[in-house]
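Q: Below are the chains, spelled out letter by letter.
Number of protein chains: 2
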Amino acid sequence: MTDALPTGATIGILGGGQLGRMLSVAAARLGFKTCIFEPGGDCPASHVANYHFQAAYEDEDALRKFAASVDVITYEFENIPTSALDLLETLKPVRPGREALRVSQDRLTEKTYLADMGLSVAPFAAVADAQSLEAAIAATGLPAILKTRRFGYDGKGQARIMTAEDTPQALADMQGAPAILEGFVDFSHEVSVIGARGLDGSVACFDPGENVHRDGILRTTTVPARLSAAQRSDAVLLTAQILNRLDYVGVMGVELFVTPQGLVVNEIAPRVHNSGHWTQNGCTVDQFEQHIRAVAGWPLGDGARHADVVMENLIGDDMDRVPALAAEPHTALHLYGKADTKPGRKMGHVNRVVR
Amino acid sequence: MTDALPTGATIGILGGGQLGRMLSVAAARLGFKTCIFEPGGDCPASHVANYHFQAAYEDEDALRKFAASVDVITYEFENIPTSALDLLETLKPVRPGREALRVSQDRLTEKTYLADMGLSVAPFAAVADAQSLEAAIAATGLPAILKTRRFGYDGKGQARIMTAEDTPQALADMQGAPAILEGFVDFSHEVSVIGARGLDGSVACFDPGENVHRDGILRTTTVPARLSAAQRSDAVLLTAQILNRLDYVGVMGVELFVTPQGLVVNEIAPRVHNSGHWTQNGCTVDQFEQHIRAVAGWPLGDGARHADVVMENLIGDDMDRVPALAAEPHTALHLYGKADTKPGRKMGHVNRVVR
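Each protein sequence line maps, in turn, to chains R and E. In terms of UniProt numbering, the first sequence opens at residue 1 and continues consecutively. In terms of UniProt numbering, the second sequence opens at residue 1 and continues consecutively.
A portion of the hints provided could be inaccurate.
[Unchecked claim] Counterexamples of contact, computed for chain E against chain R with all Cβ distances above 12 Å:
no.	residue
1	Pro39
2	Ala62
3	Leu85
4	Ala177
5	His189
6	Gly201
7	Val212
8	Val236
9	Asp247
10	Arg355
[Claimed, not checked] Partial list, computed: chain R residues near chain E (C-beta under 7 Å):
no.	residue
11	Gly31
12	Val48
13	His52
14	Arg232
15	Ala324
16	Leu325
17	Pro329
The hints are simulated quantities; they were obtained by calculation from the structure and are not laboratory data. Beta carbons are placed, not taken as given, at the ideal position from N, Cα and C, and that holds for glycine.
Next up, chain R with everything else stripped away, as it sits in the complex:
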């Protein structure tokens, strides 16, 4: 632990949502203090953090003060404005580093990067206008899905193209933003691997979980996932390959489609991931602590799982079910402290533990 931060050091976290909140609790458990940078007030992370800088990502003065208050900087989301990172990385270590952000902030760059590594990805092509969209459709076939290259999450900035007739509307949905067309992959189910890489280059992965989405939002993750021993090993090995190639430090989520021809990488997220929430009740060291250990230069937990878990997201009105869920045995509630319930908003999750 030569480069390890001592307990009592301060971890800076960009973003004050539920991921920042659970990172902050994990950091406290290791004796660190935490400092949240988040423009919004009363944000979930601020409830469990030492300090909250409430300022815009364009506020250079606030960014400088934030950097001066912390020993290392990490983040809960990948779409941090480039100008903020340009400044911060001159002041304090930012982990994971810029390469992971550069690759994952742009779907086209990401797909190209993964394909160049020899990994299977969906057929894809860049789309700038009607003409390139036509060429892209010729390359990937239909149905396909048109996505903005940047700033998409939870199904936002996406449009399905089932037949040629859908093309104009899909293009209009992009509102002129650079886009990528992705061909459909014929998969049986989706799994994800939550992998971690330490400052010393060591890698540890949690067991793959099986994900079910609805309306573009993750609903459940079940561990263990339906995978053969060979698929399980492939999933973990390709995750390690990506982590090493990026010289990554921290936790990463890797979403994979399971097909008869093997695993196809859907996308990577350079941060703790919703599909890794099950680790809070299935592992001694969960994904949040694993991430903090990595960015603090501590040894990684081994990822060992001591229970089977089904994680279910609580979205919007699912909050009405909290009284009933609180009375369910073997069920751990994790609520995010968000003041307003909105349709599609992630309000919390439950982990159902099956020994």
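Put chain E on the given structure of chain R with help from the hints.
A: Below, chain E without anything else, positioned relative to chain R:
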């Protein structure tokens, strides 16, 4: 959940040490905000709480503002000044209630209360001066242990009397405070039960843990404890009896001596308890969340255990072992964020999980 606090409500916690810290994290997990009342600055609980009132327990104005900021009040230690409680309970519900504090704040009252319930306790007698000490020794025999009636913890305010020669020094150690002499109990080992009682009167207990002390301070708790099925059932039943008799709301720790003649109650603590820290990594709902559920009027977790756990306290210089402990598999670190390491000071604990 008629009287249940809704998520988003604020839990007030008197005391900002490690127990308040872990209560605060548990409250956040259920979507509550937390407000700590603690005279000390930079206290462990304030690192993970929404608000910290830094004021003395004699500061009526601060107590009033604290009460106005919260929906329910609980505490992490039993020695809260009576005047503060007198004021607070006129303003907001205080849980657990006064009866539990009245009984447990005074060792003589506590022993008498438990004995009156028909439970086995060590032989005891009140001590005010040299004369009553002599009479007490005649009643309990030697060796015995002289303790102040109030404000003792972690072996403080205690003196062993092995032979009559130790008597003057033991009495001097009490510094004139009212005391109690307790006869020795010939026990094979000590166990404790962490029990909880909800606002609706429901009771749930965690599996008994086996405790090892050194220098008057808890070192390890091992779960499961060495107990026969009958002893285990006795331990849980007598805990439920105490909880019901006190009309208790919250988590209580009950320490028991295991003797050939049965279980002898050592002491009760009207709060979450060091010997219940193992529940953080062995149960879906841990003792801290259980306490918050009770004081918030939520349903209790069932106390089910999904792993065997050995909890070890990190005391003083044990902090030097943190780098090595962080590299141990199946080991969960829980550090308290205390700035200064002192001999005998509880700095954190580890839970070693054995599936």
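Q: If I take the minimum Cβ distance from E/Val212 to any residue of chain R, is it greater than 12 Å?
A: holds (22 Å)
Q: Taking the closest pair, is the beta carbon of E/Gly201 still more than 12 Å from chain R?
A: Its Cβ never comes within 12 Å of chain R, the nearest being 15 Å, so this holds.
Q: Would you settle whether the hint for R/Ala324 is holds or violated, based on the nearest Cβ-Cβ distance to chain E being less than 7 Å?
A: Since the shortest Cβ distance to chain E is 9 Å, the answer is violated.
Q: Against chain E, is R/Pro329 within 7 Å by beta-carbon distance?
A: holds (5 Å)
Q: Taking the shortest Cβ-to-Cβ distance between E/Arg355 and chain R, state whether it exceeds 12 Å.
A: Non-interface label fails for E/Arg355: nearest chain R Cβ at 5 Å, not farther than 12 Å.
Q: Just want to verify: E/Ala62 was marked as not at the interface with chain R; is every Cβ pair farther apart than 12 Å?
A: Consistent with the label, E/Ala62 stays out of reach of chain R, its closest Cβ about 21 Å off (over 12 Å).
Q: Against chain E, with CB atoms and a cut of 7 Å, does the hint on R/His52 hold up?
A: Given a least distance of 10 Å, the restraint on R/His52 is violated.
Q: Close enough to count: is the Cβ of R/Val48 nearer than 7 Å to one in chain E?
A: Holds - the Cβ of R/Val48 comes within 7 Å of chain E, reaching about 5 Å at its closest.
Q: Answer holds if the nearest beta-carbon of chain E is closer than 7 Å to that of R/Arg232; otherwise answer violated.
A: Violated - the Cβ of R/Arg232 stays beyond 7 Å from chain E, reaching only about 19 Å at its closest.
Q: Holds or violated: is the Cβ of R/Leu325 closer than 7 Å to a Cβ in chain E?
A: violated (10 Å)
Q: According to the definition I'm using, a residue is off the interface if its beta carbon is farther than 12 Å from all beta carbons of the partner; does E/Asp247 meet that for chain R?
A: holds (22 Å)
Q: How about R/Gly31: closest beta carbon in chain E under 7 Å, or not?
A: Holds - the Cβ of R/Gly31 comes within 7 Å of chain E, reaching about 3 Å at its closest.
When the structure is compared with the earlier hints, violations turn up for hints 10, 13, 14, 15 and 16 and for no others.
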